[in-house]
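A.B. asks: On the provided structure of chain C, position chain R as indicated by the hints.
Chains C and R supply the protein sequences, listed in that same order. The first sequence begins at 1 in full-length UniProt numbering and counts up by one. The second sequence begins at 1 in full-length UniProt numbering and counts up by one.
Simulated from the structure, these hints should not be mistaken for laboratory data. These numbers were taken from a predicted model, which means no experiment stands behind them. Quick reminder that beta carbons are idealized off the backbone N, C-alpha and C, glycines included.
Here are the computed distance ranges between Cβ atoms for each label pair:
id, chain 1, residue 1, chain 2, residue 2, range
1, C, Pro54, R, Val205, 49 to 57 Å
2, R, Gly277, C, Ala108, 38 to 46 Å
3, R, Thr36, C, Glu158, 30 to 38 Å
4, R, Arg222, C, Ser202, 48 to 56 Å
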Amino acid sequence: MTIASSSPPIRKRGDGLLAAVFIAPAMLGFLVFLLWPTLRGIYLSFTRFNLLTPAEWVGLDNYVRMVNDPIFWDSLAVTVEYVVLNIGVQTVAALAIAVLLQRLTQSALLRGIVLTPYLMSNVVAGLVWLWILDTQLGIGNEIIGALGADRIPFLADETWAIPTIALINVWRHVGYTALLLFAGLQAIPNDVYEAARVDGASEWRMFWRVTMPLLRPVLAVVLIMTVIGSFQVFDTVAVTTAGGPANATNVLQYYIYGSAFGRFQFGYASAMSVALLVVLSAITVLQYRLTRAGQSNLG
Amino acid sequence: MATMTTPATPAAPPTTRPTVRPAKRRLSVGRAAAWTVMGLIVLITLLPFYWILRTALSTNAGLNADPANPLPVDLTGSGFERALGLQSAEEAIAQGGAGGGLDFWRYLLNSVIVSTLITGCQILFSAMAAYAFARLRWRGRDQVFGLFLAGLMVPTIFTLLPNFVLIKQLHLVDSLLGIALPSLFMTPFAVFFLRQFFMNIPHEVEEAALLDGAGKIRIFFRVILPMAATPILTLSVLTYITSWNDYFWPLMVSYSDDSRVLTVALAIFRAQTPATGVDWSGLTAATLIAALPMLVLFAASARRIVSSIGFTGIK
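Pulled out of the complex, with its shape left as it was, chain C reads as follows (with noise of 0.2 Å):
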């Protein structure tokens, strides 16, 4: 803020030096913490790195094991599992969500409401659906009891483990995302809809007809961030399962946490960051494709 005394109310051609006192902060910030971790931890997938020693070089001996590394491919696959249930129900809800918001009603307080379990951490959304589904004394389960069904052990069975988990998150991010593509459809003119009303369309009709196609570029955006999002499924393991049980719900992010930390594998903790990013990655480029993002038919 030095500058200020200095800086003279008439302008020269540029504000360089100005410029340069504005950026510096965000520049920093970007520099240290967000481009140098980028190529360090690169460098550290190709090194053997426990945090007391110095790195040591070895090559591609980190993505050689992780090639071979049966729990990995697991903690993979139960990772993509997660992301497509997670994603597919949270899509079409989030869908349905936005647009009885708008074809119903224009009401704050409704979509406030819708928010709410946005403004949980991932740790209680865990927390409270913990004791929601708990086998023996969770309200969830008592229903299914007084319904005459066998209660469900939801986060303590191997199958059952991975979806609860993608419905909890659900439940948590649903509202975002559904406020998100809320706001799309905002931008649809009302005209199309009353052009198709006076065609005789019905509401179903002009969801397929009219919505769709011209929610298409925000959808695409907001399915590359949720995909990205969810693939980082971490906390709501952490507080119910804790990877179990029998390494059902050990998702990417836990394995490599659990390395980094538990086994203090740094190298190849990093290394498989660096696939999860390359997966990440392609997803994005792929679904930048697929959907034509870029876009829009509203033109």
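C.D. replies: Okay, now just chain R, sitting in the frame of chain C:
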């Protein structure tokens, strides 16, 4: 893409004014069905909150005896006392607690410090950078901005391990600064988001101030920032919520009470309770207290931020 990148005018933030009028309010079968679905959604959204409140106000013995009672069983504040560390260890164990207790006020303070520090600095620095990208003329501006944008593509998980190594080398492990530092200066998203708003402020506004003899720094603080108040508020609330709720990074960095934030403390509270006979009353009470500040923050700002949240699309 229009929603993401081009707010109509920065001075007039998106209002709640409907662009689509709801269809004529005739009660048809379809509308009734749609409202039923909406009601179900609201129920699924809100019931878990009631259920943890009901559990937090029950005794553990009561919960065991009558798990399906829709009302609190043996109405009591003991769960909250335990969560806040107001009970003696013997008393807590007698009530089904672990006896370890939470140093709740300390974790709350830690969370407040970290979230406030991150939100304040990140928004200020990002706004300054966004101003330089949007309103100042300098060589290489577009190239540098492109570099920042590329940062959007790097998922957070990727930078976490190397950042931990760096924080450790800086001897900032187990400190609040260590938790805050990586997100203190900027996020590419915040810069990108604010730049959009600044770009849409008409040049005449700035020129008028220049003629009045104001410097660009003064214009930034007195003209530009106030005009972007709503997007800045929205971004601030979302940043506060995000940093308050963050778990993974604080878990990596903090080892002791000195730097423990609420999310980490809650997870530890959960891990401490025995697997058989969890202290559900205490745990749900702690959960509620941890979530309460964000509910209050949101309730206070919801009116203004709910309608502009769509513009944060790329988070």
